[in-house]
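Visitor: Sequence:
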Amino acid sequence: MTLKYQLTAEEFVQLDETKQALYVQQGDLYQLQVDGIPQEDVSGLKRQRDELLAEKKAEQERRRAAEEQAQREADERARAEGNYQQLFESSQVELERERSSLTESSRGISTLLPLALLKLLQMALTLKSSLSSLPAA
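Remember, the numbering used here sits 158 above the position in the sequence shown when you count from 1.
Bear in mind the hints are in silico, worked out from the structure with no lab data behind them. Heads up, some of the hints might be wrong.
In silico DSS-like links for lysine-lysine, alpha-carbon gap of 27 Å or less [said to hold, decoys possible]:
id : residue 1 : residue 2
1  : K204      : K215
2  : K162      : K177
3  : K286      : K215
4  : K214      : K204
5  : K286      : K204
6  : K286      : K177
7  : K286      : K162
8  : K214      : K277
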(Lines of atoms letter the chains of each structure in order from A and count residues from 1; the text may use other names and numbers.)
(Lines give C-alpha, C1' and ligand atoms only; values in the text may rest on other atoms or scores of the structure.)
Protein backbone atom coordinates (compact mmCIF):
# COMPACT_ATOMS: atom_id res chain seq x y z
CA MET A 1 0.00 0.00 0.00
CA THR A 2 1.32 3.45 -0.90
CA LEU A 3 1.12 6.36 1.50
CA LYS A 4 -0.86 9.46 0.60
CA TYR A 5 0.75 12.84 1.23
CA GLN A 6 -2.45 14.29 2.76
CA LEU A 7 -5.33 12.54 4.48
CA THR A 8 -8.71 13.61 5.74
CA ALA A 9 -9.64 12.87 9.34
CA GLU A 10 -11.74 9.91 8.23
CA GLU A 11 -8.85 8.41 6.24
CA PHE A 12 -6.43 9.04 9.12
CA VAL A 13 -8.62 7.20 11.64
CA GLN A 14 -8.69 4.13 9.38
CA LEU A 15 -4.87 3.78 9.46
CA ASP A 16 -3.13 1.56 11.99
CA GLU A 17 -1.12 3.27 14.73
CA THR A 18 2.28 2.78 13.09
CA LYS A 19 1.13 4.58 9.94
CA GLN A 20 -0.68 7.27 11.94
CA ALA A 21 2.64 8.10 13.60
CA LEU A 22 3.98 9.13 10.17
CA TYR A 23 1.41 11.93 9.85
CA VAL A 24 1.05 15.31 11.55
CA GLN A 25 -2.16 17.35 11.64
CA GLN A 26 -2.08 20.50 9.51
CA GLY A 27 -5.39 22.31 9.91
CA ASP A 28 -8.19 20.02 8.76
CA LEU A 29 -5.86 17.54 7.07
CA TYR A 30 -3.14 15.14 8.13
CA GLN A 31 0.14 15.55 6.26
CA LEU A 32 2.86 12.95 5.81
CA GLN A 33 6.10 13.92 7.55
CA VAL A 34 8.91 13.65 5.00
CA ASP A 35 12.51 14.79 5.40
CA GLY A 36 14.27 16.40 2.46
CA ILE A 37 11.31 18.05 0.72
CA PRO A 38 12.40 21.57 -0.22
CA GLN A 39 10.14 24.27 1.19
CA GLU A 40 9.58 27.33 -0.98
CA ASP A 41 9.82 30.69 0.74
CA VAL A 42 6.48 32.36 0.11
CA SER A 43 6.64 34.84 2.98
CA GLY A 44 7.19 37.74 0.56
CA LEU A 45 4.13 36.77 -1.45
CA LYS A 46 2.03 36.41 1.70
CA ARG A 47 3.19 39.81 2.97
CA GLN A 48 2.35 41.44 -0.38
CA ARG A 49 -1.05 39.73 -0.43
CA ASP A 50 -1.77 41.02 3.08
CA GLU A 51 -0.73 44.55 2.08
CA LEU A 52 -2.97 44.47 -0.99
CA LEU A 53 -5.90 43.16 1.04
CA ALA A 54 -5.37 45.91 3.63
CA GLU A 55 -5.27 48.55 0.86
CA LYS A 56 -8.43 47.13 -0.68
CA LYS A 57 -10.20 47.17 2.67
CA ALA A 58 -9.12 50.75 3.35
CA GLU A 59 -10.32 51.85 -0.10
CA GLN A 60 -13.67 50.14 0.41
CA GLU A 61 -14.05 51.90 3.77
CA ARG A 62 -13.21 55.28 2.21
CA ARG A 63 -15.72 54.65 -0.59
CA ARG A 64 -18.42 53.62 1.89
CA ALA A 65 -17.78 56.71 4.04
CA ALA A 66 -17.94 58.98 0.97
CA GLU A 67 -21.21 57.37 -0.17
CA GLU A 68 -22.71 57.80 3.30
CA GLN A 69 -21.62 61.46 3.42
CA ALA A 70 -23.10 62.12 -0.02
CA GLN A 71 -26.36 60.44 1.05
CA ARG A 72 -26.53 62.51 4.26
CA GLU A 73 -26.00 65.71 2.28
CA ALA A 74 -28.69 64.72 -0.23
CA ASP A 75 -31.09 63.94 2.63
CA GLU A 76 -30.38 67.29 4.29
CA ARG A 77 -31.06 69.11 0.99
CA ALA A 78 -34.30 67.19 0.57
CA ARG A 79 -35.40 68.06 4.12
CA ALA A 80 -34.58 71.70 3.57
CA GLU A 81 -36.58 71.71 0.34
CA GLY A 82 -39.44 69.76 1.92
CA ASN A 83 -39.05 66.93 -0.61
CA TYR A 84 -40.45 64.10 1.49
CA GLN A 85 -40.88 61.78 -1.48
CA GLN A 86 -37.12 61.78 -2.06
CA LEU A 87 -36.50 61.21 1.67
CA PHE A 88 -38.87 58.24 1.63
CA GLU A 89 -37.18 56.72 -1.41
CA SER A 90 -33.78 57.27 0.16
CA SER A 91 -34.86 55.49 3.35
CA GLN A 92 -36.21 52.59 1.28
CA VAL A 93 -32.85 52.23 -0.49
CA GLU A 94 -31.04 52.27 2.86
CA LEU A 95 -33.44 49.68 4.27
CA GLU A 96 -32.87 47.39 1.28
CA ARG A 97 -29.10 47.80 1.59
CA GLU A 98 -29.29 46.81 5.27
CA ARG A 99 -31.46 43.79 4.44
CA SER A 100 -29.01 42.56 1.81
CA SER A 101 -26.14 43.01 4.26
CA LEU A 102 -27.97 40.91 6.85
CA THR A 103 -28.73 38.27 4.22
CA GLU A 104 -25.04 38.06 3.28
CA SER A 105 -24.09 37.76 6.95
CA SER A 106 -26.54 34.91 7.48
CA ARG A 107 -25.16 33.14 4.40
CA GLY A 108 -21.65 33.48 5.81
CA ILE A 109 -22.75 31.99 9.10
CA SER A 110 -24.55 29.12 7.37
CA THR A 111 -21.37 28.23 5.43
CA LEU A 112 -19.10 28.45 8.49
CA LEU A 113 -21.28 26.30 10.71
CA PRO A 114 -20.75 23.04 8.75
CA LEU A 115 -16.99 23.68 8.74
CA ALA A 116 -17.00 24.14 12.51
CA LEU A 117 -19.00 20.94 12.93
CA LEU A 118 -16.56 19.06 10.69
CA LYS A 119 -13.62 20.32 12.75
CA LEU A 120 -15.40 19.19 15.92
CA LEU A 121 -16.01 15.76 14.38
CA GLN A 122 -12.33 15.48 13.44
CA MET A 123 -11.29 16.34 16.97
CA ALA A 124 -13.71 13.74 18.34
CA LEU A 125 -12.32 11.10 15.99
CA THR A 126 -8.76 11.97 16.99
CA LEU A 127 -9.69 11.75 20.66
CA LYS A 128 -11.45 8.44 20.07
CA SER A 129 -8.39 6.99 18.33
CA SER A 130 -6.14 8.25 21.13
CA LEU A 131 -8.35 6.72 23.79
CA SER A 132 -8.68 3.42 21.96
CA SER A 133 -4.89 3.08 21.89
CA LEU A 134 -4.66 3.29 25.69
CA PRO A 135 -4.41 0.00 27.58
CA ALA A 136 -7.60 -1.13 29.31
CA ALA A 137 -7.66 -0.45 33.04
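Visitor: Please go over all the hints and tell whether each is borne out by the structure.
Guide: Going down the list of hints, with the structure as the test:
| no. | hint | result |
| --- | --- | --- |
| 1 | K204 with K215 | holds (16 Å) |
| 2 | K162 with K177 | holds (11 Å) |
| 3 | K286 with K215 | violated (42 Å) |
| 4 | K214 with K204 | holds (15 Å) |
| 5 | K286 with K204 | violated (36 Å) |
| 6 | K286 with K177 | holds (17 Å) |
| 7 | K286 with K162 | holds (22 Å) |
| 8 | K214 with K277 | violated (30 Å) |
Going down the numbered hints, you'll see the structure goes against 3, 5, 8, while the others check out.
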